[in-house]
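Visitor: Below are the chains, spelled out letter by letter.
Number of protein chains: 2
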Amino acid sequence: MKVAIMGYGTIGSGVAEVLRINQDQIQRKVGEPIELKYVLDRNEIAGEDHDKLVLDFNIIAEDPEVGLVVETMGGIHPAYEFVKASLEKGKHVVTSNKALVDAMGSKLISIAKEHNCNFFFEASVGGGIPVIRTIYHNYAGEKLTEITGILNGTTNYILTKMRDSGASFEDTLHEAQKLGYAERDPSADIDGFDTSRKTAILLSMASGNRCRHEDIYTEGIRNVSAIDVEYAKFLGMNIRLLGSVQVVEDKYFAYVAPIMITKNDPLYPVDGVFNGIRIVGNCLGTTMLYGMGAGKLPTASAVVSDMIAAVRHQHEFQGIGWSEKMIDIEPMGSNAFNYLVRIEGTPDDVANEVKDLFLNDTTAFHPIVLDGRTDEFAVMTDVMFESDFKENMKEFEEKTGRRVFHFLRAELGKD
Amino acid sequence: MKVAIMGYGTIGSGVAEVLRINQDQIQRKVGEPIELKYVLDRNEIAGEDHDKLVLDFNIIAEDPEVGLVVETMGGIHPAYEFVKASLEKGKHVVTSNKALVDAMGSKLISIAKEHNCNFFFEASVGGGIPVIRTIYHNYAGEKLTEITGILNGTTNYILTKMRDSGASFEDTLHEAQKLGYAERDPSADIDGFDTSRKTAILLSMASGNRCRHEDIYTEGIRNVSAIDVEYAKFLGMNIRLLGSVQVVEDKYFAYVAPIMITKNDPLYPVDGVFNGIRIVGNCLGTTMLYGMGAGKLPTASAVVSDMIAAVRHQHEFQGIGWSEKMIDIEPMGSNAFNYLVRIEGTPDDVANEVKDLFLNDTTAFHPIVLDGRTDEFAVMTDVMFESDFKENMKEFEEKTGRRVFHFLRAELGKD
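Chains D and X are the protein sequences, given in the same order.
Counting in our numbering, the first sequence tops out at residue 476, every number present.
Counting in our numbering, the second sequence tops out at residue 476, every number present.
To be clear, the hints were calculated from the coordinates, so they are not data collected in a lab.
The structure displayed is predicted, hence computed values, not measured ones.
Since the list gives no way to pick one copy over another, a pair counts as held whenever it fits inside one copy or between any two copies.
Calculated cross-link-like contacts (lysine to any residue; reagent style SDA-like; alpha-carbon spacing at most 20 Å):
1. Lys63 / Ile120
2. Lys451 / Phe314
3. Lys204 / Gln86
4. Lys204 / Gln88
5. Lys324 / Val334
6. Lys386 / Gln86
7. Lys386 / Gln88
8. Lys324 / Gly297
9. Lys386 / Arg89
10. Lys357 / Thr347
11. Lys294 / Gly333
12. Lys324 / Asp225
13. Lys312 / Gln86
Chain D extracted, bound-state conformation (with noise of 0.2 Å):
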């Protein structure tokens, strides 16, 4: 089959660059070459492929000889146009853009459907991570309670990086700037703007509906501090970035904010620019997807996966299972954690109000004191409704006249 990449980027280039390398191994699963005829990109760079290069679009679109098109531009004007052009031509379409998926999965599967192509988006979440075919295919008999996972590497790096050095969440931004992890505007990473398009991929992929990523609620890790992950450490947990929606009855719950974890978590072990993803089945139990999350080859080794799959079902629609309808998110209110309150001065004088608005009759008041600090002290609740948590620490505020500093919420629970 021939086929056409339009973006020669890091990921664009890197499927030409897996292509070649794998050459062999490809035309022998496939039983046909997948060769390469045009490149588009609009700076006119194509590097090894200068060759291929074409500036128009429609070159590709009119030329009857390419049936697949791999849509590595980012964005979504003028991807969007283009995927949807190249489908409706019949022509398959393969995409690493996660916000092209975003916000127009369901209607590019569903003209996909209408001209029997396909429309795959594997390296739109967990790059090499192969979390969109195992929950279509692997998991499609089960019940998805729970999809959550560290899907940003960027932001994994620099909270790993914090926990063994100690240092500033801007130092170690600083430090990832000059290493090549996180990007001179760092906004989109760092504000758990790229997590939170990922985890609504998932809740479609959860669900089989149509959500917003906007009606997530999102919070990124700019407000992470060295003392925060000093208290991690002392608890032996450690702070990520999660990406996390769960599905109970009709209700559909997500969020993106950094989560104090345990060490029973599968994603506790999660280090460095790796991502992980873990999915639990009402049948299954808890399983965990670990990999590189992004990256040139291994985002381009999800794409190619795609390719191959478009060419062995070449002549029928692979539904995704989304439907066009759109779900309703539950407010962050409605989500449920431990949280650890971090509150001004000594824990003298405020046991019962502690133990009145966070703490269960049974649990024991146990204040958590680091080494050498008299200025504040912590306390790791029970588990409470996020609205209900909120009203409490204000209350608690006004009742004992100390602040709460800041708080971190914490799954104990989980394995």
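Got chain D; can you put chain X on it based on the hints?
Guide: Using the frame of chain D, we list chain X on its own:
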């Protein structure tokens, strides 16, 4: 589609249960109900499905309504004859039977191909871990260089308990038997045969060819002692029973053995009855899949995922990429490891021989002496081929007159 289950033991009855619990979900995902028509069980036990019990396989074989047969009997005969006859009638077959897949897999795949139906076996390795489909579909374009897994829950449970309690192998096995985590006759698990069969299936997945599990060096965990575990803990390592395959150009390496692994290995935190499978591809880098490797519902869930795949692809053969070509496995001596060598006596007077026979020129001799132990010490060798190590160990004993009490293979370099 109407289906039959052959063998109503733990997994077979679990399949019936998953079909019942997730009936709506399954029907929605495949577009038609999957309906259990027959249960074949020679012990005449069919629990809730007693009304579907038959004792004669021919009733299933001759019923044109039955489009899919689940084989959860175990063993090779008569499972092989029943599966073969079903495929020859054009019925899809899904199995969890690793002995059957290991011995007859490529033969049955080719019979399925001939009759345009499918033979699927996701549940035969790693229970609810989606390893077979991931390798065949997601990593189709990758040159897989290594697959290494913790593939047996019983042995991993025992090794985890030994680490946590410091108890001996015998005591821990005895306790595991009392708790139902190990069988009364535990040999298939603890002597590594179960892992060896699964490793053979993974080698076929990685190579696309047949192999004999009898050709895989297989060492169980009987000889792992409390002192070995103490050394591992001292070094911050975990001992895991690994099944490993490596592909280097046209050469195939494989072994099953207890191996010491470091904190950097994604398999390090896989505790208790969980399984984990690390897969390395030339573009993909390292990924790891984690989950329940056994257990009634997780394994049954994997069987059901294959049933769904068979219904979705009921009119076309889906290859698993195995040829009938038999490959040779390199001898154990050609694998390379680090080795923890436990040597009689104190480190005095043997530094020269240790350096000469176990260490590179640039590696310093750091004897490891466990607290309070004067009868032995240990040394961690540099990476050596197993054949060289064995020779050098013998030479060491001859030259120094000291006995080597035991050695443990280790992987220091994996991440």
